[in-house]
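Residue numbers (my numbering), protein chains in the order written: chain A, 1 to 436; chain B, 1001 to 1338.
No wet-lab data here; the hints were simulated from the structure. Please read all numbers here as calculations on a predicted model, not as lab measurements. Hints may be right or wrong, so weigh each one.
Unchecked claim - Here are the simulated PhoX-like cross-link-like pairs (lysine-lysine), alpha carbons at most 25 Å apart as the crow flies: (1) B/Lys1096 to A/Lys116; (2) A/Lys68 to B/Lys1265; (3) A/Lys333 to A/Lys432; (4) B/Lys1164 to B/Lys1091; (5) A/Lys64 to B/Lys1283; (6) B/Lys1265 to A/Lys174; (7) A/Lys186 to B/Lys1285; (8) A/Lys333 to A/Lys426; (9) A/Lys337 to B/Lys1026; (10) A/Lys276 to B/Lys1167; (11) A/Lys185 to B/Lys1082; (12) A/Lys185 to A/Lys333; (13) A/Lys337 to A/Lys392; (14) A/Lys68 to B/Lys1040; (15) A/Lys368 to A/Lys392; (16) A/Lys322 to B/Lys1265; (17) B/Lys1285 to A/Lys116; (18) A/Lys116 to B/Lys1164; (19) A/Lys63 to B/Lys1037; (20) A/Lys102 to B/Lys1091; (21) B/Lys1283 to A/Lys186; (22) A/Lys116 to B/Lys1130; (23) B/Lys1062 to A/Lys97; (24) B/Lys1119 to B/Lys1096; (25) A/Lys116 to B/Lys1062; (26) A/Lys103 to B/Lys1023; (27) B/Lys1292 to A/Lys185; (28) A/Lys271 to B/Lys1119; (29) B/Lys1265 to A/Lys185; (30) A/Lys68 to B/Lys1026; (31) B/Lys1069 to A/Lys271.
As the list claims (entries may be wrong) - A short, non-exhaustive set of chain B residues, derived as facing chain A with CB atoms under 8 Å: (32) Met1020; (33) Tyr1074; (34) Gly1122; (35) Tyr1135; (36) Phe1251.
Ideal placement from N, C-alpha and C gives every residue a C-beta, glycine not left out.
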Amino acid sequence: MIKIQNLQSCNLSKSSSNVISHLLVLVVYTAIIIVISLKFTYLLKITLPLFILPVASFFYLFKKTDTKNRLLFLKRSEVEEEVNTLNERLSHQEKLKVALHKKIDRYSYLEGLVQKLSLELSLDGVYKILMKAIPELFKEAGSNCILYLVDQERQELNLACSRVYEGNEIIKTKKGDIFDHWVLKKMQPLLVENVKTDFRFDLSSLQPEQIRPMGSLISVALIAQSRPIGIIRLDSGDIARYDSEDLRLLSTLSDLFALAIQNALFYQHAKELAIKDGLTGLYLRRFFAERLGEEIEKARLRNSSVSLLMLDVDNFKRYNDKFGHIAGDIVLKLIAKMLTTIIGTEANVICRYGGEEFMILLPDCTKKDALLLANNISHGIAAQDIILRRKKTNVTVSIGMVTFPADSQSEEDLINKVDLVMYRAKQLGKNKVCSY
Amino acid sequence: MFLLEPLSVFIISVILVVLMVYKIDKYFIDRYNTFRKELKNFESYACGLEQNLNSLEEENLKLQQDSEKIFSLYELTRELAKYLDEQELSKVFCEKANQYLKLTDCRFIEHSSLTQDLKDFGVFALRIEKNVIGYLAVEGLRDSDVDNFNILSGQFAMALERAKLYKEIEQLAITDSLTNIYARWYFLQRAEEELHRSLKFDLSFSFLIIDIDHFKDCNDKFGHLVGDVVLRELSKILRSSMRQIDLLGRFGGEEFCILLPETNKSSAHQAAERIRSTVLGSKIKAFDESIKLTVSIGIANFSEDADNLKELIDRSDWALYRAKQTGRNRICLYGVYK
């Protein structure tokens, strides 16, 4: 608009100087005539009628050009209107250009995000990337961001991580509110421009602790194998902070994060499976070997002792044959459970060493204490009834025990020796504890 | 004074009048011309404006197309998220990459040794954490599309890793992560052991295959999330209506199997009837839905109906098929309706 005004004024000044010069000449002429006629009043009778000529010609010419000028003015106002609409469209396109550049910037940010996500296999790492990405992608929105994950067992949402915009109230809805449940159920992206006027949601059903000052929000489900595994939600205190373009971006983001989060969950699960026995939930041999090395190193530095118990179920083969392998599994599970209750602390490592063999690592435990524990275990298991098909059955265990550094200095030797004493316990008639 | 002679005054007046008329004429012509010039300027300004607008519109259209193109690249992830199988994933990926970037060929290769034969191909490594998990060999990739290809391959790497991890879990986990009961491979291993024991001591055992009736409809109607809860709740019901020494496993999608050691056919039928009526009588609550289910059960017996595990499973599956055919929510014993 400013441009047009400049153009008009500049045109006017240039053309008017030309026209005015003609008028000035006319005024000078008229002045001369008046001066002359003042001197020779008698001449006025002759000269005055002469002046009808310019007046008449003025009116004649005015009349003649007027219609033409009018046409020009009409055309001019038409062009003016055209210029206005052009300007409007231009400013619209300029806005669009800015928006498009923003969009392209956002998507080029996503490219880096994919690279970052593919390098990350820990859940915390993925959360961190999400919480960094949201404020960078939704710069002007000033949003709170919440990530919920679905707890499949309990059929509910759990707050995984959140990021509150400076100065906003903290998020107290750990299980999600009506908006989150809507998204979870419908598995559709949700855009609410004004929380208070959206007819889909009844705010009165919100619990008092769920109420945060909220104007607008967007929310999408994280979907993997056609199942929602979580929800990403952005909300802001202001009304109409988000548009459909934002929602679309969040949807794309949620696709990427669904994959990354599932990768992290799978990775965690696979790692756990690799170190833990599926049947008993105890550690596996390899993990045990690692921990034994570490604990012995520690004991050497601290001058403390480490005890090792090896435990074998007596007559397990016969038990299996008599009652079946499922019964055998039940026994192993039960022993694992008892071991965990008797000696299950953070420091102690209980491991399923082989079929019916268990190994227990007791750091900071002297021979005397270890022997006490071993006897407790032995008596506890022997006293435990296992009811199969309304029949009471019992199992006993043989336990071997060695202590570092009293019995041996090396890991390998310790394991050999504990095996040896356990074997001796078997030979001595089973259901016994033997120490080196 | 000569000039003040009446005649000369008259002549001067006439000249002046003539000049005035001339000036007036000039004035109007000039006025008209300035107006015209002004209009012309204005029109050319509008024309320039229109040109600006057109070029901007063109630019925006191109930007729009570009951003749409980039955007569509990210739709790959959604597509890939549907699959958990490596073969399937690489097929989907290559299809989509060919479609987006107009490649002539695209292949997924697991080991670097295999890439040497592909001379005209560009080879890209797929990385997860610090490990290379595979390679992509492409032919006909334009230089301008390398960035776009990287976007696609990054998504593929993530999906591939997910498939690999899933496979690893499936091989390691003895229980099914959804229902927490034994996975198929572990169940079969246990069943094989039980079969040997039964052979050795001349015992018999029964094998039940349980299938949820119209489970697919339930999934379609309420969604997979609710379907998952149904499976989980049903496995709980099964667990609670069995003896401790019976072996329960998840056989496939909505199929469960139970091995009843040292049990003959009529006792197995009683057990199955207990399961059927318990399921019929219970309501499963999943989120806001309350769902009623029925199950069909097929039973076969070792060593009455079969003398190896494969045959035994086939026979009980046949019985299940009969149960489904004769109206569902029922039990069918192999041999009885043979």
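Verification of the hints:
1. B/Lys1096 to A/Lys116: holds (22 Å)
2. A/Lys68 to B/Lys1265: Roughly 112 Å between the alpha carbons, so the hint for A/Lys68 and B/Lys1265 is violated.
3. A/Lys333 to A/Lys432: holds (21 Å)
4. B/Lys1164 to B/Lys1091: Roughly 16 Å separates the two Cα atoms, so the pair holds.
5. A/Lys64 to B/Lys1283: violated (98 Å)
6. B/Lys1265 to A/Lys174: violated (51 Å)
7. A/Lys186 to B/Lys1285: holds (18 Å)
8. A/Lys333 to A/Lys426: holds (22 Å)
9. A/Lys337 to B/Lys1026: The hint is violated at about 116 Å.
10. A/Lys276 to B/Lys1167: holds (17 Å)
11. A/Lys185 to B/Lys1082: Distance ~19 Å between A/Lys185 and B/Lys1082 Cα, so the pair holds.
12. A/Lys185 to A/Lys333: This hinted pair is violated, its Cα atoms lying about 38 Å apart.
13. A/Lys337 to A/Lys392: Holds, at about 19 Å.
14. A/Lys68 to B/Lys1040: holds (15 Å)
15. A/Lys368 to A/Lys392: violated (34 Å)
16. A/Lys322 to B/Lys1265: Status holds; Cα separation ~21 Å.
17. B/Lys1285 to A/Lys116: violated (40 Å)
18. A/Lys116 to B/Lys1164: Roughly 19 Å between the alpha carbons, so the hint for A/Lys116 and B/Lys1164 holds.
19. A/Lys63 to B/Lys1037: Cα-Cα ~21 Å, so holds.
20. A/Lys102 to B/Lys1091: Violated, at about 33 Å.
21. B/Lys1283 to A/Lys186: holds (23 Å)
22. A/Lys116 to B/Lys1130: Within the cut-off at roughly 12 Å; holds.
23. B/Lys1062 to A/Lys97: Given that 25 Å is the threshold and the Cα spacing comes to 10 Å, the pair holds.
24. B/Lys1119 to B/Lys1096: holds (23 Å)
25. A/Lys116 to B/Lys1062: violated (29 Å)
26. A/Lys103 to B/Lys1023: Violated. A/Lys103 to B/Lys1023 sits at ~64 Å, over the 25 Å cutoff.
27. B/Lys1292 to A/Lys185: holds (20 Å)
28. A/Lys271 to B/Lys1119: violated (38 Å)
29. B/Lys1265 to A/Lys185: It is violated: about 44 Å lies between the C-alpha atoms, which goes past 25 Å.
30. A/Lys68 to B/Lys1026: holds (16 Å)
31. B/Lys1069 to A/Lys271: Since the Cα atoms of B/Lys1069 and A/Lys271 sit roughly 38 Å apart, the hinted pair is violated (cutoff 25 Å).
32. Met1020: Constraint on B/Met1020 satisfied, holds at 4 Å.
33. Tyr1074: At 5 Å from the nearest chain A Cβ, B/Tyr1074 passes the 8 Å test, so the hint holds.
34. Gly1122: violated (18 Å)
35. Tyr1135: This hint is violated: B/Tyr1135 lies away from chain A, its Cβ roughly 15 Å from the closest one there, beyond 8 Å.
36. Phe1251: violated (17 Å)
Consistency with the previously given hints fails for numbers 2, 5, 6, 9, 12, 15, 17, 20, 25, 26, 28, 29, 31, 34, 35 and 36, ordered from lowest to highest.
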